[in-house]
Amino acid sequence: MKIKINGEPRDLSPPLTVAEYLATLGLEVERVAVEHNHRILPRENFAEAQLADGDTLEIIQFVGGG
Amino acid sequence: MTVWINEQPRELPVGTRLFAVRDLCKPEADVLIVNGFPATSDQPLRDQDRVVLIRRGERPSAGELEALMAARHTPGVHERVKGASVGIAGAGGLGSAVAVALARIGVGRLIIADFDVVEPSNLNRQQYFVDQIGLPKVEALRDNLARINPYVKVDIFNGRLTPENIPTVFAEARILVEAFDAAAQKAMLVESFRRHFPERPLVAASGLAGYQPSNTVVTRRVGAQLVLVGDGQSAARPGEGLMAPRVGIAAHHQANAVLRLLLGEEPQ
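Protein chains in written order, with our numbering: chain A, 31 to 96; chain B, 664 to 931.
These are computed hints drawn from the structure, not numbers from a lab.
In this text, all values refer to a predicted model and were calculated from it rather than measured experimentally.
All C-beta atoms, glycine included, are put in the ideal place defined by N, C-alpha and C.
Hints may be right or wrong, so weigh each one.
Said to hold, decoys possible - Chain B stretches covered by chain A per the calculated footprint, using a threshold of three residues with CB under 8 Å from any CB of chain A:
1) 668-677
2) 749-758
3) 808-815
4) 831-839
Claimed, not checked - Non-contacting residues of chain A with respect to chain B, defined by C-beta distances greater than 12 Å in every case (computed):
5) 41
6) 42
7) 53
8) 55
9) 58
10) 61
11) 63
12) 68
13) 73
14) 80
15) 84
16) 91
17) 92
18) 94
19) 95
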C-alpha cells in the first residue's frame, strides 16, 4: 500500500497499525504527535489505527528545549 | 481634506504641508511620522494621511500613547493585530520572548500559562529580571508586558496544563503558541489542542538548543493548521544548553508565524 509519510511516498505492507509503524522507526511514543489523514491521532488510538492505501501520515518528533 | 493628527481627525485645506501642520498643532514637535514612516523633510499632505507629531523624549498622555505606538505599524495591520487573541503555553525562553514580541506589535489579548517561578538559571535566555527571581513566571511576565505595552490585555494561568484543562484555559485563543520545554509535554499539548480545536492554528517548536548556525532554524507547515519551528534535532542536553540567541531566533520565528497567520499570510 502507498502511504505518504511526512510528505514522502512510502510503500508499506499491510496490515500495519500506526503503533507498529512507529515501533519500526524506534520512536518514543510519548514524544511524538501524529496526524493521520490531516487529523490529530490521539496516542491511545495508535495501536488500533490501521494504515490503508492512500493514507497520509505526519509524524512530528519533539526534542526538549524551550 | 481630512488628515489624522495624533489619531484625531482634522479638516485642512487641500495642499496643506507637513511643516505647516506641525507649526499649527505642535510647534515643539521634532519627530514627525507620516503614515508610519519618519519624515525628514517637508511634504504636501493628502486626504486621509496619518500624521504623528512627537517631541523627542516627551512622555505622551495615556490617550496619545497607543496611537503613537500604533504609528510604527503599517496602516491596516494594527487593527487586525489588535483584534487578535493568542495563547502561549509556557513562559520560558520561547514563551516569554514570543509574548514580548507580540505585545510590542500590539496583539490585543494574550493568554499565558506556566506553572513555574523565575529562577537564576532562566536569566540566560528568558525575558525576566534579577529582582523577579522567585515570582511566578506568569505574574512576572504580565508585569513586564504591562511596562512594554499597557494596551495589551494579558490573562494568566498559573498552573500545569493538562489534556483536561487545555480546552478551558485556551478556549478564547484563536491561535496557540507551543512554548514548552519538555518533549513529551510538547507532544501532549499539540495532541490536546489539535483534538479540541482542529480549525485553530498551532505554532509549535522543536530543536533550538546550542549555538549551531542560525539559519538551520526554519518555519514549516506540517499540517493544515500546524506550523513547526526549529531544526527538529538539537535537543537541550548536557553540552548543548539553551541560550538566548538561538532560543530567541526560534521564538521570533514563532511570533512572526503568528503575525503572518493573523494577516492571512502563509506562515512559512
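Structure-based check of all given hints:
{"no.": "1", "hint": "668-677", "result": "violated (count 0)"}
{"no.": "2", "hint": "749-758", "result": "holds (count 5)"}
{"no.": "3", "hint": "808-815", "result": "violated (count 0)"}
{"no.": "4", "hint": "831-839", "result": "violated (count 0)"}
{"no.": "5", "hint": "41", "result": "holds, 22 Å"}
{"no.": "6", "hint": "42", "result": "holds, 20 Å"}
{"no.": "7", "hint": "53", "result": "holds, 16 Å"}
{"no.": "8", "hint": "55", "result": "holds, 14 Å"}
{"no.": "9", "hint": "58", "result": "violated, 8 Å"}
{"no.": "10", "hint": "61", "result": "violated, 4 Å"}
{"no.": "11", "hint": "63", "result": "violated, 4 Å"}
{"no.": "12", "hint": "68", "result": "violated, 6 Å"}
{"no.": "13", "hint": "73", "result": "violated, 7 Å"}
{"no.": "14", "hint": "80", "result": "holds, 19 Å"}
{"no.": "15", "hint": "84", "result": "holds, 17 Å"}
{"no.": "16", "hint": "91", "result": "violated, 7 Å"}
{"no.": "17", "hint": "92", "result": "violated, 4 Å"}
{"no.": "18", "hint": "94", "result": "violated, 5 Å"}
{"no.": "19", "hint": "95", "result": "violated, 4 Å"}
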